[in-house]
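Protein chains: 2
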Amino acid sequence: MVAQLQYINHKIQVKPENEVLTFTFDQLLLQRGGRLGPVTLAYETWGELNATGDNAILITHALTGSSHAHDVEDPENPKVAWWNPLIGPGKYFDTSRFFVICSNIIGGCSGSTGPSSINPLTGRPYGMRFPVITIRDMVRAQRKLIEHLGVRRLAMVVGGSIGGQQALEWAVHYPHLVDKVIVMAASAAVSAQAIAFNEVARQSIMADPAWLCGDYLPGQGPTTGLSIARMLAMITYQSEESMEMRFARNSVQREVVTAPTFSPELGGRFDVENYLYYQGDRLAQRFDANSYLYVSRAMDLYDVSEDYLSLDEALRRIRSQILFVGIRSDFLFPASQVRWLAEKIQAVGGNAQYAELDSPHGHDAFLKEWSKIVDTLQEF
Amino acid sequence: MVAQLQYINHKIQVKPENEVLTFTFDQLLLQRGGRLGPVTLAYETWGELNATGDNAILITHALTGSSHAHDVEDPENPKVAWWNPLIGPGKYFDTSRFFVICSNIIGGCSGSTGPSSINPLTGRPYGMRFPVITIRDMVRAQRKLIEHLGVRRLAMVVGGSIGGQQALEWAVHYPHLVDKVIVMAASAAVSAQAIAFNEVARQSIMADPAWLCGDYLPGQGPTTGLSIARMLAMITYQSEESMEMRFARNSVQREVVTAPTFSPELGGRFDVENYLYYQGDRLAQRFDANSYLYVSRAMDLYDVSEDYLSLDEALRRIRSQILFVGIRSDFLFPASQVRWLAEKIQAVGGNAQYAELDSPHGHDAFLKEWSKIVDTLQEF
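If you're matching them up, the sequences are chains E and V in order. 1 is the number of the first residue of the first sequence in my numbering; add one for each residue after it. 1 is the number of the first residue of the second sequence in my numbering; add one for each residue after it.
Any given hint could be a false lead.
[Unchecked claim] Below, a sample of chain E positions facing chain V; criterion: calculated Cβ distance under 10 Å: (1) Leu149; (2) Ala194; (3) Glu199; (4) Ser239.
[To be verified] Covered stretches of chain V, as calculated for chain E (at least 3 residues, CB under 8 Å): (5) 45-53; (6) 236-246; (7) 271-284; (8) 298-307.
[What the hints assert, rightly or not] Residues from chain V that face chain E, not an exhaustive set, calculated with beta carbons under 10 Å: (9) Ser116; (10) Met128; (11) Val132; (12) Ala192.
Since the hints were derived computationally from the structure, they do not count as laboratory data. Even glycine gets a Cβ: it sits at the ideal position worked out from N, Cα and C.
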């Protein structure tokens, strides 16, 4: 009886504390030219890898995310880990059955090699001497990590937004290594409008005199510019509908934060402005501005057909069962474009499905609509 | 025969040159408190006022517009005057029959009193000591102008965007002075999303160190911040659909202008980025940054029901025949909200109509889709 309990305990063993691990390898040849090295990936895992090395799920994060998709000390709280409610024993990403991995992307600033890392050639942070990186580069680094962890093949790769681009790239670039793929709120390539929004955000960062062409000191970065960039991004992550529900034209009740520029207010502050100031401020405290430039650019540059003769040729490589999830109110990655890609894969003979999240919350629904997400993924 | 020709010539007389006139009055009491004075309005007129003073059409301009809606020297070119193709002898706004007036709004920077005007109390530009102004203030200043011009009643007030807000305010505030009103791409009040976009633009301007809390010298303003603000605004004036048609993911062929921040490019420049840099640069050359702050704020603050007990009470005041024109692809002033307002007015007994411009070009369709505009307005 005791032995059996121990055995059960072993099977659902979780680490008692949150622990960010790192894995470093020599170098990565980059899709757009040049090489990056040494490369460190910060990662976290939950659950245990089975003896056959085929029960791993790789979760890929979005623009400003990190490896901390799940928090074992506060496992129900979505504020402390970005996909917390979906991960854990008995959850959709069931850590009692699966070995769940999430690593910070290269270019990021949460432990993986990015523009704020030390450039071994100079002994100082890379800044804008960091090379242009792509979604494929992120995926190829993840490939080295899972090999290091002893994973023989992935049971699933799953992510939303830029994480969805990574999941899609896994399906195309490593077709024989992945059983199932879930691409949420991402498509074959972003639209001109999405590139445009990203570029306004980047210009806001680079217009901040504290940016210093990327050579700011740690903790002295362009927080004003990064705040403004985040304010804009937060609009595109929501929808006209959800902002109307949350804020409408209400005046602010409590000013929680100053505007990024400490600027005078003309005729009072709207609730929606207060919310955006707060979101801008929060990101500026925790995120590296140069990482924002590089990772948002990777999002713009991603085109699943790059380096193939045609989109069809790229999509024909896919061997995984692949689920696309569009969000009804998403205007950054419109649901129609997500569906279009799923149908394209079906048309070239792939095993693709499409499901739509009926949410008013825009792009960010993949970080909010927990029960709807589970309902949507459940049948996959 | 000669006499008759002279008579005809007289009827279709147009000024041979473009001439911006000014009218100055003592002061304007402002809706949000305080007073502004003296107040100058820069204006242009085309055609002649009839003896009964009732053939005038007032055209109201949008955020960065001016009195130059029509150019008599280059009357077909939409690039030299913002509503050129709609105005002139025999055009929809027929200057052989109507006395067409367009004045620069207060708060603007094309000859009317605005933040770049000299503050009589200090002898220096107002800057941020300019008072908060509203759409109603703009309209009340226009009321003084038309009185000065001898107009007894307006045959029509017409405008799009902020110009549409002014036209609507005319209908509500001066119901007995206007026969017909056309409100294009404007609604009862902007959404939280539109306020949010405007605020990001304003923060970009105020984050520019050259802004100097609004006290920059003429010609030394925050052109980088204003360029970025304009880049963002240009996205909201178009649509995902039209940007995809125009730019898609094409790389730039010819770099016509540097980015506002002269920043390094990460992986090349997209055509859409080049376009936005160009638009930003153009506006920064011609427009005053503080005017941008004040006028965009007037747009945010506008709510047709302000100072009335209810929206219904405000709308019941309308006596004019009023046409609302929504644009199918407009996401700044969604067509559904324009239609909603027209139906609201009908519901309280007003003579309102709604027509929809079936254009992919977003909000800016009211400055582009000449033949569709004429078709839509023709029956009114």
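These are the hints, each one checked on the structure:
Hint status for E/Leu149 relative to chain V: violated, with the closest Cβ pair at about 30 Å, above 10 Å. For E/Ala194, the suggested interface contact is upheld, since its CB lies about 8 Å from the closest CB of chain V, less than 10 Å. The interface hint given for E/Glu199 holds, since its Cβ lies 5 Å from the closest Cβ of chain V, which is under the 10 Å cut-off. This hint holds: E/Ser239 has a C-beta 8 Å from the nearest C-beta of chain V, less than the 10 Å allowed.
As drawn, the region 45-53 of chain V meets chain E at 0 residues by the rule of a beta-carbon pair under 8 Å; below three, the given contact is violated. Requiring three or more residues with a Cβ within less than 8 Å of a Cβ of chain E, the coverage given for the region 236-246 of chain V holds, as 6 such residues are present. Here's how the region 271-284 of chain V fares: 4 of its residues keep a CB closer than 8 Å to some CB of chain E, so the rule of at least three is met and the hint holds. Taking a C-beta to C-beta cut-off of 8 Å, the region 298-307 of chain V contributes 3 residues in contact with chain E, enough for the three needed, and the coverage statement holds.
Restraint check, V/Ser116 versus chain E: the minimum CB separation of about 16 Å is more than 10 Å; hint violated. With 10 Å as the threshold, the beta carbon of V/Met128 comes within range of chain E, its nearest partner Cβ sitting at about 6 Å, so the hint holds. Hint on V/Val132 holds. Least Cβ distance to chain E is approximately 5 Å, under the 10 Å limit. The restraint placing V/Ala192 at the interface with chain E holds, with a minimum CB-CB distance near 4 Å, inside the 10 Å limit.
The structure fails to meet hints 1, 5 and 9 from the earlier list, while all remaining hints are met.
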